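Chemist: Sequence lines, in order, name chains A and B.
1 is the number of the first residue of the first sequence in this note's numbering; add one for each residue after it.
1 is the number of the first residue of the second sequence in this note's numbering; add one for each residue after it.
Among the hints, erroneous ones may be present.
Identical copies look the same in the list; a pair holds intra-copy or inter-copy alike.
In silico DSSO-like pairs for lysine-lysine, Cα to Cα no more than 27 Å straight-line [claimed, not checked]:
{"id": "1", "residue 1": "100", "residue 2": "164"}
{"id": "2", "residue 1": "300", "residue 2": "249"}
{"id": "3", "residue 1": "235", "residue 2": "313"}
{"id": "4", "residue 1": "117", "residue 2": "235"}
{"id": "5", "residue 1": "300", "residue 2": "313"}
{"id": "6", "residue 1": "100", "residue 2": "151"}
{"id": "7", "residue 1": "249", "residue 2": "142"}
{"id": "8", "residue 1": "107", "residue 2": "249"}
{"id": "9", "residue 1": "164", "residue 2": "249"}
Read the hints as simulated data drawn from the structure, not as lab findings.
Quick caveat, the model's predicted, so the values are computed rather than measured.
Protein chains: 2
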Amino acid sequence: MGDPAGIGPGIILNALRDIRTGDGVLYVVIGDRDVFNGLAGPGVLREVSPEDAAAFRFPGSGISLVDPGGALEGNVFGKPTEKGAAKSLSCIDTAVDLVKRTPEGIKSAIVTAPVSKEAVAAVCPGFVGHTEHLQKAFGAEKVTMVMVGEKLKVVPVTRHIPLKDVPGSLTPELIVDTIRQVVADRYIVSGAEDPSIAVCALNPHCGEGGRIGREELDIIGPAVAAAARDYPRIKGPVSADVVFYKALKGEVDIVLSMYHDQCLSPFKMVDFDRGVNMTLGLGHVRTSPDHGTAFDIAGKGIADHGSMLAAIKLALRAVEN
Amino acid sequence: MGDPAGIGPGIILNALRDIRTGDGVLYVVIGDRDVFNGLAGPGVLREVSPEDAAAFRFPGSGISLVDPGGALEGNVFGKPTEKGAAKSLSCIDTAVDLVKRTPEGIKSAIVTAPVSKEAVAAVCPGFVGHTEHLQKAFGAEKVTMVMVGEKLKVVPVTRHIPLKDVPGSLTPELIVDTIRQVVADRYIVSGAEDPSIAVCALNPHCGEGGRIGREELDIIGPAVAAAARDYPRIKGPVSADVVFYKALKGEVDIVLSMYHDQCLSPFKMVDFDRGVNMTLGLGHVRTSPDHGTAFDIAGKGIADHGSMLAAIKLALRAVEN
Chain A
1 MGDPAGIGPG IILNALRDIR TGDGVLYVVI GDRDVFNGLA GPGVLREVSP EDAAAFRFPG
61 SGISLVDPGG ALEGNVFGKP TEKGAAKSLS CIDTAVDLVK RTPEGIKSAI VTAPVSKEAV
121 AAVCPGFVGH TEHLQKAFGA EKVTMVMVGE KLKVVPVTRH IPLKDVPGSL TPELIVDTIR
181 QVVADRYIVS GAEDPSIAVC ALNPHCGEGG RIGREELDII GPAVAAAARD YPRIKGPVSA
241 DVVFYKALKG EVDIVLSMYH DQCLSPFKMV DFDRGVNMTL GLGHVRTSPD HGTAFDIAGK
301 GIADHGSMLA AIKLALRAVE N
Chain B
1 MGDPAGIGPG IILNALRDIR TGDGVLYVVI GDRDVFNGLA GPGVLREVSP EDAAAFRFPG
61 SGISLVDPGG ALEGNVFGKP TEKGAAKSLS CIDTAVDLVK RTPEGIKSAI VTAPVSKEAV
121 AAVCPGFVGH TEHLQKAFGA EKVTMVMVGE KLKVVPVTRH IPLKDVPGSL TPELIVDTIR
181 QVVADRYIVS GAEDPSIAVC ALNPHCGEGG RIGREELDII GPAVAAAARD YPRIKGPVSA
241 DVVFYKALKG EVDIVLSMYH DQCLSPFKMV DFDRGVNMTL GLGHVRTSPD HGTAFDIAGK
301 GIADHGSMLA AIKLALRAVE N
């Protein structure tokens, strides 16, 4: 559901309307029944009780609704509340539970909708975002965040840390492990069997042979060389002010960057409305639209559901492979 | 001329062919006579002796050639030499000299062509690039590098330094001084009388209120607030993964970034072939195409002269204002 006061519920319903349901795929919306029935109209979503959901008893296809409980009583779009934040979190946990209970032979995926990190952190101290919460919930040692757009596919090696901490956080192991997770899921990420991967430099002009920083020589270069032994279609370090130009032209399929803004700035510039955030390494598929709760436009019917639609489609591609 | 073994001479001639000359503007090519006459054919460029050039005696319009001396004897495109690098440097110094000698009432500008930094540094220890060399030659206390493209106009506050040194290099004074140079030349940079200027954050998500770094609160925010007292059409810090999307949509005219790749990566992605590098603060106009010597394609007649053409046109706009 995401935060019930945000655009999450609306974009979920609009995206599901655009998906051809009934082709053997079971869509389960996890959220507040009043919020969803209020938006969709009564009877559109088939409610499944928490007991049936816990036993994974769902109708064979179509769209089901599971309400994990804790009625919101008067949810108002644009007005986030502590209760709403708590419910957005219990929806995530219910999704994790359902995915873990999925019977053998059925493949499952989680698509999350935007939550307010600050609001969830207020009811769940230590919450920093979906990615880290799911990492803990699934007991994953290392996860990788991938942004999949129509034009670019990018991977930040480090994520939400201060820029000054980036150089010290980079190790050959971290870079190699990230590359391996990307290589393992390269078809899901890129849609190509054999995508080319370019790894960004950290410093301007790729460090100019050590004159503008040594990380290219000491850390990134050796990591790329090690990874290339298993997957030769990888190269780097490549100057960041060249690699995105090449990626936009289609000469590079996936760009691995050293820090958040290095790839997110070019990515959002050209894929703002269609970006999908995907988490690799969970052992389960998880995608998410690449935007926030947008409380300012929630409930007005004007939110673009393109990113949510792309997130659902990417999850479908992932479970099919 | 730039490096005579690079694409500089060719793109200069091709760009000048595309410019409507003869409208009261005097174009002076400073370079090797054999190289230029070899490319243009004899008699196309009117050679002016160093003595006449030193006395600023030029024909009233058209294209003149000044050769500062030091014949190259057998320049080969794609094969840079020490002699060629030395001559590319003496061309720059001749340009500085001519600009300084420009008679009252005549406006002048320098457009530089790409040199090989490494090759020039070998004959002139300490040479790191045109910008710093010209800063010293003109005795400028502070200069600002601006990249002017068709789609984006961007300004890095710090330039060619290791990423790890960026946070420590940022001070409110540096940011305010950079903003002031941009504001002073805002029409030249943007083509608008009253452009909006956005200043990038340093950390992901604009530091999230101090949770992901404090530079936004301690350094960038106060600098923007101080600068906004003189020029209200400035705002920031703005998250870097949002500001370039807005700039590409036309909602922001000029983006000031904290470091090289933060703005050069988005810039080159969409303005690779038309970017112009401009130096503010010299007391004289200086522009340059935003690419290197491209030794690999030099002399083949295939180099795109669009960036050089844009650099000349921007220099014309600058001297007209």
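Chemist: How would you label the pair residue 164, residue 249 (within, between, both, or neither) given a Cα cut-off of 27 Å?
Modeler: neither (31 Å within a copy, 30 Å between copies)
Chemist: Could you figure out if residue 117 and residue 235 sit no more than 27 Å apart (CA to CA) within one copy, between two copies, both or neither?
Modeler: between (36 Å within a copy, 25 Å between copies)
Chemist: Evaluate residue 300 and residue 249 at a C-alpha cut-off of 27 Å and name the case that applies: within, between, both or neither.
Modeler: Between. Shortest inter-copy distance 23 Å satisfies the 27 Å Cα cut-off; intra-copy 37 Å does not.
Chemist: Is it within a copy, between copies, both, or neither that the alpha carbon of residue 100 lies no farther than 27 Å from that of residue 151?
Modeler: neither (33 Å within a copy, 48 Å between copies)
Chemist: Give the relationship of residue 107 and residue 249 under a CA distance limit of 27 Å: within one copy only, between copies only, both, or neither.
Modeler: neither (35 Å within a copy, 40 Å between copies)
Chemist: Are the CA atoms of residue 235 and residue 313 at most 27 Å apart within a copy, between copies, both, or neither?
Modeler: neither (29 Å within a copy, 37 Å between copies)
Chemist: One pair to classify: residue 100 and residue 164, alpha carbons no more than 27 Å apart. Within, between, both, or neither?
Modeler: neither (38 Å within a copy, 42 Å between copies)
Chemist: 27 Å Cα cut-off: does residue 249 pair with residue 142 within a copy, between copies, both or neither?
Modeler: neither (31 Å within a copy, 37 Å between copies)
Chemist: State whether the alpha carbon distance between residue 300 and residue 313 is at most 27 Å within one copy, between copies, both, or neither.
Modeler: within (25 Å within a copy, 47 Å between copies)
Hints 1, 3, 6, 7, 8 and 9 from the earlier list are contradicted by this structure; the remaining hints agree with it.
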